[in-house]
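Here the protein sequences come in this chain order: A and B. Per the UniProt record's numbering, the first sequence starts with residue 1, numbered consecutively. Per the UniProt record's numbering, the second sequence starts with residue 1, numbered consecutively.
No lab work stands behind these hints, which were simulated from the structure alone. All of these numbers come straight from a predicted model, not from anything done at the bench. Any given hint could turn out to be false.
Identical chains blur together in the list; that is why a pair holds if it fits in one copy or across any two.
Below, a list of computed lysine to aspartate or glutamate pairs in the DMTMM-like style, where the Cα atoms sit at most 25 Å apart [stated by the list, open to error]: (1) Lys46 x Glu92; (2) Lys48 x Asp154; (3) Lys48 x Asp16; (4) Lys171 x Asp10; (5) Lys45 x Asp16; (6) Lys46 x Glu117; (7) Lys48 x Glu172; (8) Lys51 x Glu177; (9) Lys48 x Glu117; (10) Lys51 x Glu117; (11) Lys171 x Glu65; (12) Lys171 x Glu44; (13) Lys48 x Asp128; (14) Lys51 x Asp128; (15) Lys48 x Asp34.
There are 2 protein chains.
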Amino acid sequence: MPAFLPNETDLYAITDARLCRGRPLADVARALLDAGVRILQYREKKLKAGKMLEECRLLRRMTLEAGACFIVNDHIDIALLVEADGVHIGQEDLPVPEARRLMGQQAIIGLSTHTPEQAVAAVAAGADYIGVGPIFATQTKEDVVAPVGCAYLDWAARNRALPFVAIGGIKEHNIGEVARHGAYCCALVSELVGALDIAAKVAAVRRAMHA
Amino acid sequence: MPAFLPNETDLYAITDARLCRGRPLADVARALLDAGVRILQYREKKLKAGKMLEECRLLRRMTLEAGACFIVNDHIDIALLVEADGVHIGQEDLPVPEARRLMGQQAIIGLSTHTPEQAVAAVAAGADYIGVGPIFATQTKEDVVAPVGCAYLDWAARNRALPFVAIGGIKEHNIGEVARHGAYCCALVSELVGALDIAAKVAAVRRAMHA
């Protein structure tokens, strides 16, 4: 299993086939991995499980070859079948202890949180990292909760009970602000998979993060 | 594990919370089990996994007490967590061999099929039973395939490679016709869970089936 990277300062890429400008997911993933992205989460809300399994098998192979971490959103059965490094689940998905029971002790389990109370509960439940957000408004998810702004991010940065990943509406133009509020690992969806030139975008986002 | 009943002539009830007239799922399931239904499939397409897990835990308890078979639609992770008797999957869900790998040899794996070719493939893949349908048009599923009428049903009745369950738009008024075409186990959704008096409806449907 590759090292789990939310402790390091970098980007966390999340897929969404609908935002890939019609390019095959494999091409988009290849560009991300070639650009040095070391955490890739497969998140597809609109596909059937058979198709998801196929795509996850491919991404599992590619991430292994690249030494990158591969996380599957929600679908624990698919994560098990492709031997993903972990799963990322939401507040209304299967609870963390149940995910742990199926995935085993070695698996990475990430949980989306939107309040300090949820972060504290995530620690108690045995999550390995938390998503902190949505920082800004986002169109990527349909059932997304209202943006929490940087206030919860400030709390998460001060109370590092768990590694955290800032998420939600993060783009090249605002990632500097997110980093200044203490985020070190930032998850991006549309900004990365939707970029015309993914390598250039990854480089630009990284520069903006460190500016 | 209760006996697997699609070999016997009876009803196969499938849940759909949206059709239950606002009644709690537990009440609807209780009425079905009290009426002697011995196969219950949990199929909810619109709920989050956390809620589904909760409901499946309840139905697992109730079906065990009733000596009934409990099948979970699609969600293998939930089926594993509640120790369901099996899963029912569709043509675009996880393939049967992958479902088997996760569920184990003892589990019942049912597969929806719409053509003789798919039935033959289901046998090869190791399914325990097949769904044969949709016999008639149905509003219950959103992504349903076009009705296959009784032609495929006739084929399935003549070529009993696997136990089969007739499904799709089956109601009290047409179940006699389905039975005359060789169906012995018939799956119903709205006709049962949507009935005002579930006990009376189960009795009426059974009478119509044997008429």
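A quick look at each hint next to the structure:
Both within a single protomer and between protomers do lysine 46 and glutamate 92 lie at most 25 Å apart by alpha-carbon distance, with minima of 18 Å and 12 Å respectively. For a Cα distance limit of 25 Å, the shortest separation of lysine 48 from aspartate 154 qualifies neither inside one copy, at 38 Å, nor across copies, at 29 Å. In this assembly of identical chains, the alpha carbons of lysine 48 and aspartate 16 lie at most 25 Å apart whether taken from the same copy (14 Å) or from different copies (19 Å). Proximity of lysine 171 to aspartate 10 under the C-alpha cut-off of 25 Å is restricted to the intra-copy arrangement: shortest distance 13 Å within a copy versus 57 Å between copies.
In this assembly of identical chains, the alpha carbons of lysine 45 and aspartate 16 lie at most 25 Å apart whether taken from the same copy (8 Å) or from different copies (21 Å). In the homo-oligomer, the alpha carbons of lysine 46 and glutamate 117 never lie at most 25 Å apart, since the shortest distance is 30 Å inside one protomer and 27 Å across protomers. Proximity of lysine 48 to glutamate 172 under the C-alpha cut-off of 25 Å is found in neither arrangement, the shortest distances being 32 Å within a copy and 32 Å between copies. With identical chains, the CA atoms of lysine 51 and glutamate 177 are never at most 25 Å apart, being 37 Å at best within one copy and 36 Å at best between copies.
In this assembly of identical chains, the alpha carbons of lysine 48 and glutamate 117 lie at most 25 Å apart only when taken from different copies (21 Å versus 34 Å within one copy). Taking the closest pair of Cα atoms, lysine 51 and glutamate 117 come within 25 Å of each other only across two copies (20 Å); inside a single copy the shortest separation is 36 Å, beyond that limit. Proximity of lysine 171 to glutamate 65 under the C-alpha cut-off of 25 Å is found in neither arrangement, the shortest distances being 28 Å within a copy and 54 Å between copies. Proximity of lysine 171 and glutamate 44 under a CA criterion of 25 Å is satisfied intra-copy only: 20 Å inside one chain copy versus 36 Å between copies.
In this homomeric assembly, lysine 48 and aspartate 128 come within 25 Å of each other (Cα to Cα) only across copies, at 22 Å, whereas the closest approach inside a single copy is 28 Å. Taking the closest pair of Cα atoms, lysine 51 and aspartate 128 come within 25 Å of each other only across two copies (23 Å); inside a single copy the shortest separation is 28 Å, beyond that limit. For the identical chains of this complex, lysine 48 and aspartate 34 are neighbours neither inside a copy (28 Å) nor across copies (35 Å), given an alpha-carbon limit of 25 Å.
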